[in-house]
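Q: Sequence:
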Amino acid sequence: MKINIFYSGIAAISLLVSSCYKDKGNYDLHPINVISASSVLGDTITVQQFDTLKVSTILTQTAKVSESTLQYRWSAFLTPNGGTNYELGNEKDLKISVGLHPGNYILLYTVTDPNTQVSYYKEFQLYVNSKLSEGWLVLERKPDGTNDIAIVTPESNIIHDLYRTANTDLLPKNTKSVRVLNANLVQQIFAYGEKDAVQVDYASFSKINGLHDWFYQSQLPGYIQAHAYTKYAYGAFMVLADEFYVDINIPTFVTKYGAPIRGNWKISPFLFPKQFMGQCFVYDTKNQRFLSHENGFLNGFSNPDGAAFDMNNVGKELIYGGQSISGFYNCVMKDNSGRGRYVYRINTAGTIAAAEKYDVSDAINIADAQFFASSGLYLQIYYTVSNRIYLLDIPARKSRLVYTFSEEAQITAFKLKQAFGAFVLYPDNNRSICVATNENGEGKLYTFSITNTGDFYNQTYEHVYSGFNAIIDIDYKNRK
38 MKINIFYSGI
48 AAISLLVSSC
58 YKDKGNYDLH
68 PINVISASSV
78 LGDTITVQQF
88 DTLKVSTILT
98 QTAKVSESTL
108 QYRWSAFLTP
118 NGGTNYELGN
128 EKDLKISVGL
138 HPGNYILLYT
148 VTDPNTQVSY
158 YKEFQLYVNS
168 KLSEGWLVLE
178 RKPDGTNDIA
188 IVTPESNIIH
198 DLYRTANTDL
208 LPKNTKSVRV
218 LNANLVQQIF
228 AYGEKDAVQV
238 DYASFSKING
248 LHDWFYQSQL
258 PGYIQAHAYT
268 KYAYGAFMVL
278 ADEFYVDINI
288 PTFVTKYGAP
298 IRGNWKISPF
308 LFPKQFMGQC
318 FVYDTKNQRF
328 LSHENGFLNG
338 FSNPDGAAFD
348 MNNVGKELIY
358 GGQSISGFYN
368 CVMKDNSGRG
378 RYVYRINTAG
388 TIAAAEKYDV
398 SDAINIADAQ
408 FFASSGLYLQ
418 IYYTVSNRIY
428 LLDIPARKSR
438 LVYTFSEEAQ
448 ITAFKLKQAF
458 GAFVLYPDNN
468 RSICVATNEN
478 GEGKLYTFSI
488 TNTGDFYNQT
498 YEHVYSGFNA
508 IIDIDYKNRK
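Just remember that my numbering sits 37 ahead of the position in the sequence shown, which is counted from 1.
Keep in mind that the hints were calculated from the coordinates and are not lab data. Heads up, none of these hints are tricks.
In silico DSBU-like pairs for lysine-lysine, Cα to Cα no more than 30 Å straight-line:
| hint | residue 1 | residue 2 |
| --- | --- | --- |
| 1 | Lys-244 | Lys-232 |
| 2 | Lys-101 | Lys-159 |
| 3 | Lys-91 | Lys-517 |
| 4 | Lys-232 | Lys-514 |
| 5 | Lys-132 | Lys-159 |
| 6 | Lys-435 | Lys-353 |
| 7 | Lys-293 | Lys-514 |
Full structure from sequences and hints, please.
A: Right, dumping it as structure tokens:
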């Protein structure tokens with residue numbers, strides 16, 4: 038009991054002493070230094086990728102704090118979707134070589150007063166453009182037999198050897214085509230060779246991966262004949278050696294395909310993707326019929342009243358298929374005698390797939406056509422014969438000559454500037470056509486602007502670009 042009283046007394050004395058203790062801590066108050074920032078460049082900054090970006094700032098403060106003692110941070114992130122925050126610098130003014138991918142960014146400038154640890158922020162709109170962001174991609178074959186890709190920009194600049202400049206190796210042997218595909222907001226660029234293929238970065242053209250990275254199986258039956266996505270990019274399709282491969286997901290940079298959908302068929306390289314969910318029409322060249330892909334299966338069609346033809350028994354050879362108005366595709370067929378030509382219009386968005394059929398055998402020289410391009414504005418198809426371009430009016434079953442090149446010109450590639458994808462739009466969609474020629478050993482590229490009748494403005498080309506090697510293929514790279 039005495040012990041308890043003793044400890045209680047000590048506790049009481051301790052409380053008394055502590056209550057008399059004077060707190061001598063440092064509680065000096067500092068006024069808030071309100072900081073604002075601006076730049077002579079304004080709030081919107083545009084810069085080319087790999088160029089030097091300089092942003093000089095002007096600071097105003099409510100307290101006189103030396104700018105050398107303030108703490109600075111520059112960072113950037115994509116807008117509107119955000120994502121990675123890129124650290125750019127920690128000096129008052131920014132001076133960097135822009136390594137960001139082309140795109141729209143928020144450039145965030147943070148200034149912190151170390152006395153108060155209060156930070157102030159300034160946002161700039163930063164647009165990173167690239168000389169490689171948009172234009173016609175041109176696949177060239179060089180005199181030594183190797184291939185590379187050039188680009189013709191909207192400003193009429195020509196940049197050659199994009200692949201070998203960005204990589205230590207060359208494009209696959211006998212690369213035969215270049216293709217731009219869009220998976221929602223993601224742009225993917227492919228080059229397909231004889232036994233291999235590559236995917237390259239859309240901004241730098243550095244190699245991302247190759248053909249064998251796209252499949253689970255190690256042994257592949259042949260080269261890529263076709264590659265396509267649905268309009269909303271929820272489903273990817275490939276044709277290799279007449280076999281049909283499907284991945285029913287949103288394509289990524291590492292999309293992998295499993296085994297093909299096998300059956301009593303051989304699949305044409307012309308694919309007819311629908312809106313989404315891995316849906317696609319294909320053509321079976323073995324049995325000369327259309328098939329529909331859904332949920333991992335290829336099935337035939339019903340034959341409803343009002344169908345223009347039997348989708349299950351076409352009985353003709355498909356020689357071209359291209360996008361038309363809305364969910365329609367135009368299919369150019371030839372009969373098994375080899376001379377008759379027909380346009381079969383299929384509707385991937387309606388209840389009757391076999392929409393229309395036209396005998397166009399009387400169209401000028403159509404039996405000798407080498408390249409086709411289906412309009413997405415009108416019921417028309419452009420086609421080439423030797424050095425001439427014709428325009429087919431499908432319902433009228435007639436064609437007319439719209440342009441003739443010089444006698445020595447041979448057309449080697451032919452492509453309509455045509456967007457396919459819910460998030461890709463061109464101001465001149467379906468209004469520009471590009472033609473590659475070989476003229477006395479020199480590759481040339483011509484672009485034509487299209488009028489409301491489908492003819493070419495002033496009956497001639499708008500631009501011509503020369504100095505190419507042999508041009509194998511072309512495709513349009515939308516702005517990215």
